[in-house]
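Residue numbers (numbering that gives the first Met the number 0), protein chains in the order written: chain R, 0 to 542; chain Y, 0 to 274.
Calculated from the structure, these hints are not laboratory results. We put the beta carbon where it would ideally sit given N, CA and C, even for glycine. Any given hint might turn out to be false.
Quick list of in silico lysine-lysine cross-link-like pairs, DSSO-like style, CA-CA up to 27 Å [stated by the list, open to error]: (1) Y/Lys173 <-> R/Lys350; (2) R/Lys392 <-> Y/Lys173; (3) R/Lys350 <-> R/Lys392.
Under 10 Å between C-beta atoms, here's a sample of chain Y residues computed to sit facing chain R [claimed, not checked]: (4) Phe162; (5) Ala165; (6) Glu171; (7) Arg179.
Listed next, the stretches of chain R that the computed footprint assigns to chain Y, with coverage defined by at least 3 CB atoms under 8 Å from CB atoms of chain Y [unchecked claim]: (8) 337-350; (9) 363-369; (10) 374-383.
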Amino acid sequence: MPELLSVRNLRIEATAYPPGEAPRDVTLVEGVSFDLEKGRVLGLIGESGAGKSTIGLAALAYGRGGVRITGGEVLLNGADILKLGRNGVREIRGSKVCYVAQSAAAAFNPALRLGEQVIEATLQHGIMSRAEAEERAIYLFRVLGLPDPETFGRRFPHQVSGGQLQRAMTAMALCPNPELIVFDEPTTALDVTTQIDVLAAIKHAIEQTKTAALYITHDLAVVAQVSDDIMVLRQGRTVEYGSVRQIIEAPRAEYTRALVNVRKRNREQAAEQSGSLLKVENVSARYPNGLNVLHDISLHVPEGQTLAIVGESGSGKSTLARVITGLLPPSEGHITFAGQPLTPALRNRSKDELRRIQLIHQMADTAMNPRQTVREIIGRPLTFYFGLRGAAKDARIRELLDQIEMGGGFMDRYPAELSGGQKQRVAIARALAAKPELILCDEPTSALDPLVAQGILDLLVRLQEETAVSYVFITHDIDIVRAIADSVAVMHQGRVVRSGPRSKVLSPPFDDYTDLLLKSVPEMEVGWLERVLETRRMESVGH
Amino acid sequence: MNLRQAPLSAWIGMAGVALALICAVFAPWIAPYGEGEIVGDIWLPMGGDYWLGTDNLGRDLLSRMIYGARTTILVSLTATVLSFAIGMFLSFMAVVRGGGVDQALSRLNDLMMAVPTLIFALVVLAVLPQETWILILVMAVLDSTRVFRIGRAVALDVAVMDFVEAARLRGEGKLWIVFREILPNTLSTLLAEFGLRFAFAILFLSTLSFLGLGIQPPTADWGGMVKDNKEGIIFGVSASLIPGAAIALLAICINLVVDWLMKRTSSIKGGRDDA
Numbered sequence: 000m001p002e003l004l005s006v007r008n009l010r011i012e013a014t015a016y017p018p019g020e021a022p023r024d025v026t027l028v029e030g031v032s033f034d035l036e037k038g039r040v041l042g043l044i045g046e047s048g049a050g051k052s053t054i055g056l057a058a059l060a061y062g063r064g065g066v067r068i069t070g071g072e073v074l075l076n077g078a079d080i081l082k083l084g085r086n087g088v089r090e091i092r093g094s095k096v097c098y099v100a101q102s103a104a105a106a107f108n109p110a111l112r113l114g115e116q117v118i119e120a121t122l123q124h125g126i127m128s129r130a131e132a133e134e135r136a137i138y139l140f141r142v143l144g145l146p147d148p149e150t151f152g153r154r155f156p157h158q159v160s161g162g163q164l165q166r167a168m169t170a171m172a173l174c175p176n177p178e179l180i181v182f183d184e185p186t187t188a189l190d191v192t193t194q195i196d197v198l199a200a201i202k203h204a205i206e207q208t209k210t211a212a213l214y215i216t217h218d219l220a221v222v223a224q225v226s227d228d229i230m231v232l233r234q235g236r237t238v239e240y241g242s243v244r245q246i247i248e249a250p251r252a253e254y255t256r257a258l259v260n261v262r263k264r265n266r267e268q269a270a271e272q273s274g275s276l277l278k279v280e281n282v283s284a285r286y287p288n289g290l291n292v293l294h295d296i297s298l299h300v301p302e303g304q305t306l307a308i309v310g311e312s313g314s315g316k317s318t319l320a321r322v323i324t325g326l327l328p329p330s331e332g333h334i335t336f337a338g339q340p341l342t343p344a345l346r347n348r349s350k351d352e353l354r355r356i357q358l359i360h361q362m363a364d365t366a367m368n369p370r371q372t373v374r375e376i377i378g379r380p381l382t383f384y385f386g387l388r389g390a391a392k393d394a395r396i397r398e399l400l401d402q403i404e405m406g407g408g409f410m411d412r413y414p415a416e417l418s419g420g421q422k423q424r425v426a427i428a429r430a431l432a433a434k435p436e437l438i439l440c441d442e443p444t445s446a447l448d449p450l451v452a453q454g455i456l457d458l459l460v461r462l463q464e465e466t467a468v469s470y471v472f473i474t475h476d477i478d479i480v481r482a483i484a485d486s487v488a489v490m491h492q493g494r495v496v497r498s499g500p501r502s503k504v505l506s507p508p509f510d511d512y513t514d515l516l517l518k519s520v521p522e523m524e525v526g527w528l529e530r531v532l533e534t535r536r537m538e539s540v541g542h
Numbered sequence: 000m001n002l003r004q005a006p007l008s009a010w011i012g013m014a015g016v017a018l019a020l021i022c023a024v025f026a027p028w029i030a031p032y033g034e035g036e037i038v039g040d041i042w043l044p045m046g047g048d049y050w051l052g053t054d055n056l057g058r059d060l061l062s063r064m065i066y067g068a069r070t071t072i073l074v075s076l077t078a079t080v081l082s083f084a085i086g087m088f089l090s091f092m093a094v095v096r097g098g099g100v101d102q103a104l105s106r107l108n109d110l111m112m113a114v115p116t117l118i119f120a121l122v123v124l125a126v127l128p129q130e131t132w133i134l135i136l137v138m139a140v141l142d143s144t145r146v147f148r149i150g151r152a153v154a155l156d157v158a159v160m161d162f163v164e165a166a167r168l169r170g171e172g173k174l175w176i177v178f179r180e181i182l183p184n185t186l187s188t189l190l191a192e193f194g195l196r197f198a199f200a201i202l203f204l205s206t207l208s209f210l211g212l213g214i215q216p217p218t219a220d221w222g223g224m225v226k227d228n229k230e231g232i233i234f235g236v237s238a239s240l241i242p243g244a245a246i247a248l249l250a251i252c253i254n255l256v257v258d259w260l261m262k263r264t265s266s267i268k269g270g271r272d273d274a
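Bound-form chain R, shown alone (with noise of 0.2 Å):
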């Protein structure tokens, strides 16, 4: 079959404006060749900044803002679309190749109808008529198993959820019958459940279509999947490209074999549970507003060791670490610590409550004030607690550098010049300043890239093991689970659904949400969708 897409030799470059200095042109991709044939799918994979979006949008001939493509070939048809022009590009975009973002919920006008818009670039490209285009949008919306396919189009994208929008996005991108769609990480901003039933969908629609795809992610496991090959990126290089039984099973670089092994870890889980630090007894909690979020929670982190906290987005999990830090005294129940009742609100809490408890923020780009230096950040809780001040201050502050393994000489740096690994590290060495029994981790390493993670949990338990402190880590992740806790809590809708032992809590029989939970998370394997969706029973999905 000949090849439908064909990149030859991608070059791409930027102009970067280094403050005080010439403007100078990196090179973002280079030397970046593949081929695919129609009907097939290729998976790019890699960190951010990796050029996989990069890639993905050059294949509809478009650079984002200041980005140049400056060498090689994208062959459409065996036709080169850079050479095409302006009026040229237009015409392909959207009618032929079609490009779905990430961010759904951003990419939809809200003051518009959904089947408006699903049909929109159709009808701008007079492919069909309004009524054909109709009868595909519901013909779409039905291969995607959207509910009420007939009327799903006359709602505004603010009445349907964040995994149907996403659906929604992707039967615009099928609507004129394009020939490549281009997915730029369309599961990642949804909850695992979720994403479940979007990766069917749309591989079910791609199935169903006959369309090639670019499918660009940087989860390897979910890309497993939905593609036929894979191509490994990293630094705008192809590190490695090859089929996914390949690629999954047998990865050559040592790179790929690092994001392979990465979401393997398993920490041994403590041999038995230690008495409780801090133990939740049927705490319920309601906002200003009257809205109850959460229902009579109970359960207790251990001594030096983790409770996990699991949940979807809107569970209640982050609810609870802001019941525990007193930002939301809870309505009901109560909240001992060290075997003391522990003062429900925030304002009346003595220094030493407050200093005993520490909370690590989800992002640590806005956790930080961007005014401070990192000698700032991490010596204000140390003169706080401690009055510490002067030579004995930053005594102790390189020693917490060194805990979090960066050293002094990040000292007087500001946030915006570290890496988002670090600043993390920074926010953990804020919170071990304080001397902290207990640190809440909320989702600390849900915006960092799976080695980056991968690298601030194996500092995390480190430090448990040196400091005996406890942790309550909240994360929508089982891996994370699996590689870091001792004790798991499951939450589902402001409720605790079972909580206990790791290895109790993971192990059937189970209810049905866990079930459903546990069930919903990639493996790293092939055909671990397709076995999963024979055994669930999809809802959303009309198979």
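With chain R fixed as given, assemble chain Y onto it according to the hints.
Same frame as chain R, but now just chain Y:
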């Protein structure tokens, strides 16, 4: 703040501001003639004994410009600084305290803004005794409503950030949160606003003088001088353009300095990478 790294534009701005300040401070020693002294015929052209000519009453224009700098800068600058002090304090208070305090202050502010500034000023100044400090105070209070609006908006954006929550969780007091966490992150917006509001203050003062409720004659101020000499324009006399140009130049100079300060403070890398 490293002066040696300042760009040329900042130096020009600083030179201009310095010149105006020197004129203001040392007016009696610099000015060749007295403030209200009538030295010759009216609207004499430039040159000769009177470098900038004379005004509508035959007073030396240069001397009046120098004395005018004193009044104009004193009143406008003090009023602007005061309005920022009041506006920022109240707006940050509103944000940090929230709830009822925020509502009360914001609605009071709306009430003040509902009345046109000029009319408000005219009514108040007509009732109160005509003294400079009252003029400054009235200008400051009226202008602080604008500062409050902006201060509250930028502080609200910062106050919901995680690092402010982190400070609250640490147990920091309200003052620490306002001055160490919120203020540094709102400074660049407020500085930009300062440059603008100062120029407005000069214009506002001129308007008030024009209407007879600002600076009282024979005291010179640049806005009043534009008014005094405006008839001259018809006869091709440039006497009213000179104070006008001085107002424009001072506003530009101040904004050049502010731009530089803003670039320093808006850099989140401590200005290290800036030229």
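Here is what the structure says about each hint:
Distance check on the hinted pair: Y/Lys173 and R/Lys350 sit about 15 Å apart at the alpha-carbon level, within 27 Å; holds. At roughly 24 Å between alpha-carbon atoms, R/Lys392 and Y/Lys173 fall within 27 Å of each other, so this suggested pair holds. The straight-line distance between the Cα atoms of R/Lys350 and R/Lys392 is roughly 19 Å, inside the 27 Å bound, and the hint therefore holds. For Y/Phe162, the interface hint holds, the least distance from its beta-carbon to any beta-carbon of chain R being 5 Å, beneath 10 Å.
At its closest, the beta carbon of Y/Ala165 sits 6 Å from a beta carbon of chain R; the interface hint therefore holds under the 10 Å criterion. Taking 10 Å as the C-beta contact cut-off toward chain R, the hint placing Y/Glu171 at the interface holds, the least distance being around 7 Å. Below 10 Å, beta-carbon pairs count as interface contacts, and Y/Arg179 has one with chain R at about 8 Å; its hint therefore holds. For a cut-off of 8 Å, the count of residues in the stretch 337-350 of chain R with a CB near a CB of chain Y stands at 3, and the three-residue condition holds.
By the rule of at least three residues with a Cβ nearer than 8 Å to a Cβ of chain Y, the coverage given for the stretch 363-369 of chain R holds, with 5 such residues. Restraint check on the stretch 374-383 of chain R versus chain Y: 3 residues with Cβ-Cβ distances below 8 Å, three needed, restraint holds.
When held up to the earlier numbered hints, the structure conflicts with none and fits them all.
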